[in-house]
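Sequences listed follow chains A and B, in order. Just so you know, we're using our numbering here: the first sequence kicks off at 1 and counts up by one. Just so you know, we're using our numbering here: the second sequence kicks off at 1 and counts up by one.
If you are wondering where the hints come from, they were derived from the structure by calculation, not from laboratory data. No residue lacks a Cβ here, since even glycine has one placed at the ideal position from N, Cα and C. Hints may contain errors.
[Said to hold, decoys possible] Covered stretches of chain B, as calculated for chain A (at least 3 residues, CB under 8 Å): (1) 47–59; (2) 100–108; (3) 113–120; (4) 223–236.
[Stated by the list, open to error] The following label-pair restraints were derived from C-beta to C-beta distances: (5) Leu-4/B - Leu-5/A: 47 to 55 Å; (6) Met-1/A - Trp-122/B: 42 to 50 Å; (7) Ala-19/A - Trp-122/B: 15 to 23 Å; (8) Gly-45/A - Val-171/B: 42 to 50 Å; (9) Ser-16/A - Gly-147/B: 26 to 34 Å; (10) Glu-3/A - Trp-122/B: 34 to 42 Å.
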Amino acid sequence: MAEFLRMHGYAGYVWSAYAVFVVVLLADALAPLLARRQTLAALRGRLRREAARGARTGNPS
Amino acid sequence: MNRLVLWFHRLGSPPYFYRFAGRWLPWLYALALLTGAIGFYGGLVIAPADYQQGDSFRILYVHVPCAWMSLFAYAFMAGNGFVALVWRIKLAELLAMASAPIGAAFTFVTLVTGSIWGKPTWGTWWTWDARLTSELVLLFLYFGVIGLHQAIEDLRQAARAAAFLALVGVVNLPIIHYSVVWWNTLHQAQTVNLLGESKIDARMLWPLLVLAFATHVYFFASVLARTRAALLALESGKAWVRALVAPATEPAHG
Numbered sequence: 001m002a003e004f005l006r007m008h009g010y011a012g013y014v015w016s017a018y019a020v021f022v023v024v025l026l027a028d029a030l031a032p033l034l035a036r037r038q039t040l041a042a043l044r045g046r047l048r049r050e051a052a053r054g055a056r057t058g059n060p061s
Numbered sequence: 001m002n003r004l005v006l007w008f009h010r011l012g013s014p015p016y017f018y019r020f021a022g023r024w025l026p027w028l029y030a031l032a033l034l035t036g037a038i039g040f041y042g043g044l045v046i047a048p049a050d051y052q053q054g055d056s057f058r059i060l061y062v063h064v065p066c067a068w069m070s071l072f073a074y075a076f077m078a079g080n081g082f083v084a085l086v087w088r089i090k091l092a093e094l095l096a097m098a099s100a101p102i103g104a105a106f107t108f109v110t111l112v113t114g115s116i117w118g119k120p121t122w123g124t125w126w127t128w129d130a131r132l133t134s135e136l137v138l139l140f141l142y143f144g145v146i147g148l149h150q151a152i153e154d155l156r157q158a159a160r161a162a163a164f165l166a167l168v169g170v171v172n173l174p175i176i177h178y179s180v181v182w183w184n185t186l187h188q189a190q191t192v193n194l195l196g197e198s199k200i201d202a203r204m205l206w207p208l209l210v211l212a213f214a215t216h217v218y219f220f221a222s223v224l225a226r227t228r229a230a231l232l233a234l235e236s237g238k239a240w241v242r243a244l245v246a247p248a249t250e251p252a253h254g
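Just need the whole structure built from these sequences, with the hints factored in.
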C-alpha cells in the first residue's frame, strides 16, 4: 500500500494530477446545483411578495 | 410523424425538457461515478507501469480523457450553436452555452495535468509546442465564448452572439488534432486509434476507454444540469415555472 502511494517516486506528480481532475470536476458538478437553488429561492421570494401584495389590496394576482 | 421525431419535438419544450433532465440526472451522475471509479482502479492499480516512464505514465488516465472531452465539448457547443443560429431553437442556445464552462474545465485539467506530466518526462512544465499552444488557444476560445455570453444583457441575444464566436473557433479543432502530425516537437503522436490498431498494451488500454466513457457520461450529466438551471432562470416568468414553486408558496396565504 505504501509503495502504491509512493508511485515509485512519482507520487507528487501522479496524485496532484488526479487531485486537479477531481477538484475541478467537483466544482463543475456543484455549480449548476447552486445556480438552480438560487433561482428557485429568488422565485419563491418573488411569488411570496406578489401574494402578499395581492392579499393587501384584496386582488389576488 | 415518426415517433423519434415526435419525441425530439417534445424535448424542445422547456417544461418537458426540465422534467426529462431531472429524471435522468441522478442515473447519469451515478453511472459516471461508477465507471470513473472502475477506470481509476484499472489505471492506478491494475495497469502495469510503463517501461520508460514508470508510474508517471498513470497521469495519462486523467490527461487523455480530459483532452478528448475538451474537443468533444467544443464540437457539441458549436453544433448546438449552429442549430441555435439557423433555427433559433431556445434549447439549443442553452445547450451550447451550458457546454462552454464544462469544456473550459476539461481543457484546464488537460493543460494542468499535461504540465505536471511534462516535468518528469520532458524535463519542463511548459513548451510552446504546437499541441500545447493550440490547446491553450482552445481554453481562450472557451473564455471568449463565456465572456461574450456574459457581456450581453439580453440572454437570447447573448447566446446567439457567443454561438457565432464558437462556430468561428471550430477552425482550431483540426489544428489541435493534427498538430502532432504536422509539427514534430515534444508532444507524442497518437497511440490510441479508433479505426485501426492501437499501439498500447490491452491492460493499459481498457482503463483509458472506461474513463473516456465515464467523462462522456459526466459531460452529458453536467450539460443537462446546467441547461436545466439556465432554463429555470430564463423562463422564470412562465406559468410552468410558477407552478413548480407554487406548492411551497401556497401555505403563506392559504
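Structure-based check of all given hints:
| no. | hint | result |
| --- | --- | --- |
| 1 | 47–59 | holds (count 6) |
| 2 | 100–108 | holds (count 4) |
| 3 | 113–120 | holds (count 5) |
| 4 | 223–236 | holds (count 8) |
| 5 | Leu-4/B - Leu-5/A: 47 to 55 Å | holds, 50 Å |
| 6 | Met-1/A - Trp-122/B: 42 to 50 Å | violated, 30 Å |
| 7 | Ala-19/A - Trp-122/B: 15 to 23 Å | holds, 21 Å |
| 8 | Gly-45/A - Val-171/B: 42 to 50 Å | holds, 45 Å |
| 9 | Ser-16/A - Gly-147/B: 26 to 34 Å | holds, 29 Å |
| 10 | Glu-3/A - Trp-122/B: 34 to 42 Å | violated, 26 Å |
Checked against the numbered hints listed earlier, the structure breaks hints 6, 10; every other hint is satisfied.
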